[in-house]
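*Asks:* Sequence:
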Amino acid sequence: MRGFGGLVGGRLTRGAVALAACASPSALLAQSALQAPTREAIERAAPPPEAVPPSKLTVDGGVERAPCPLAEPRFAGLTVDFKGAVFDNLKGMKPEDLASSYEDFVGKKVPLATICEVRDAAATILRRAGYIAAVQVPPQRIAADGIVHFDVLMARLVRVQVRGDAGKSEKLLAAYLNKLTEQPLFNEKDAERYLLLARDLPGYDVRLTLRPAGTAPGEVVGEVIASRMPFMVTANLQNYGSHQVGRWGGLITGQANDVLGYGDRLTLGLFQSVQTREQTVLQSGYDIRVGGEGLTIGGRFTYAWTRPSVGQGDPLKSRTLVASLEATYPLLRSQTANIRLSGGGDLVDQDLRFTNVLLTRDRLRVGYLQLDMAAADPRSILGGRAGYSSILPRWRVSGSFELRRGLGILGASEDCGPGPLYAACAAGVSLSRIQADPTATVIRFTGFSEVRPRPNIAFAFSPRLQYGFSPLMSYEQYSGGAYTIGRGYDPGAIIGDSGAGFSIEGRYGALLPRSRTSFAFQPYAFFDAAWVWNRRVLVAENDPLKLYSAGAGLRVAYGDRVRLDVTAAVPLRKAPNDLQRGDTRVMVSLTTRLIPWGK
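According to the working numbering, the sequence shown is numbered sequentially starting from 1346.
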């Protein structure tokens, strides 16, 4: 079976439509193997991720570090028999944790300036452990027995002040950062979760500066300088579609941040094929932050009209409604690793009509759990070396596991009964797949990994897997093609209950322009492969159905405002329902941020 993304493998002739017009709806369904659009054919209206600039958070300042007096020229000729070190007022760490700062000098006669080296090394160890601290060594603290006493002054955050344009979410921003005042010592690693949650507020750029509180030694005040982007409008133009629903289409997305002051975000989107009656997709979404631990609750709504161009007056019409509700909680939030748990439900209504006759009706109700994980090279993130950085790490990986289960609630469709008769649907309106189980269970995995042996060379691997325990409704099926894995093929060139696929890319360079008015280029080559399997097929087919493609392309970035991706993709075998292998296809995607243009 094929969805409208690749209608009958992209080949439905005028003669076939004319013949089908003489058939009953159930006969049409069986003969032409038509079905409602898949998830990917509807959700291609989602905003491209590169169009959304990330918010930022940095930490400056801390406890003032005074110059080391023992490094002054007047002490240049003096030495000390160094026997050891004592770190007074050290908290949060054991004395032996700082032993590496001085153990190489124990038992040696060293210049007084060496004590400054010990001081700096100890301060570095504290900093790497996440503490904001100053280490001092007054000359009078050098004992006659060669034991040097260092004073350690460690920062404790006692108050947070929000300045700048904090908008309506100022209280929520403060709620995240006030968690830091509950710690006996300020430790960036312990505070990292809340700093990053503050950064995650939609549209916000946040900078945290620590300054002395003017009270007890070591007590600091956190000044949060916030700026925000209240509105954003992006546009995308691409030609990934099939001939039937339009090669070219445009997407415009508007986003309003901080609408009510709950770290909320309102998103509206419109996708339109160039031939305006072929496909229209309206999308909206709204999410809010609840509490001070990053819990997000949101909803999405999608309504799509599809009328593929198949000739004879284009009698096929589909309408899809998708309403979703989801809650997400960050189990782990750090710079180097993240784990997020989500749970929610989808309500999906799909109708397929032939002329004015209702051919199929799907009412799908699904509950799901999703676990998202991501990690990156800590040395690149925290230190940066040899050309690597947090933006360009040596390696990074991510994965999303999803468990979905159909539910028999809220007017959900019932199955058509046992085969081969499927008696419950024989005389009336059928499901999109007559053998489908509306309460089926599905497991999905989507992953991504990238390794950079050198900063300007990258190899990326993107797997995508699905296993369906029963025959699935159209919306739940796995598809291969231009929207997923299978560049060079029509979307939905292969569709199945279970599937496996991967994309491999070799990349040169990075899309990191030096400024907002400069360009960056990234040429790449790729190989895509996908396989699908179906349960209880009505018409004999090869098992599995498969596709392979290869090609090369170029990605171009202009500042943080424009992204262009041009790909030449070659199908390496014919699609299952095509008579011959397809031609090389040039695929283009252009994304730009329209508002604000200059930020």
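Treat the hints with caution; some may be incorrect.
[As the list claims (entries may be wrong)] Cut-off 35 Å, straight-line C-alpha distance, at most; resulting in silico cross-link-like pairs (DSBU-like, lysine-lysine):
#, residue 1, residue 2
1, Lys-1453, Lys-1428
2, Lys-1534, Lys-1436
3, Lys-1524, Lys-1534
4, Lys-1439, Lys-1453
5, Lys-1428, Lys-1439
6, Lys-1428, Lys-1454
7, Lys-1428, Lys-1524
8, Lys-1439, Lys-1454
9, Lys-1439, Lys-1524
10, Lys-1453, Lys-1436
[Unchecked claim] Quick list of the computed label-pair ranges, beta carbon to beta carbon:
#, residue 1, residue 2, range
11, His-1588, Gly-1744, 30 to 40 Å
12, Asp-1465, Pro-1562, 15 to 25 Å
13, Ile-1802, Gly-1422, 45 to 55 Å
14, Asn-1801, Asn-1584, 27 to 37 Å
15, Gly-1732, Gly-1606, 17 to 27 Å
16, Ser-1735, Glu-1638, 32 to 42 Å
17, Ala-1561, Ala-1668, 34 to 44 Å
18, Asn-1584, Ser-1735, 45 to 55 Å
The hints are simulated quantities; they were obtained by calculation from the structure and are not laboratory data. Note that the Cβ used here is the ideal one computed from N, Cα and C, for glycine as well.
*Asks:* Which of the listed hints are not met by the structure?
*Replies:* 7, 15, 16, 17 and 18
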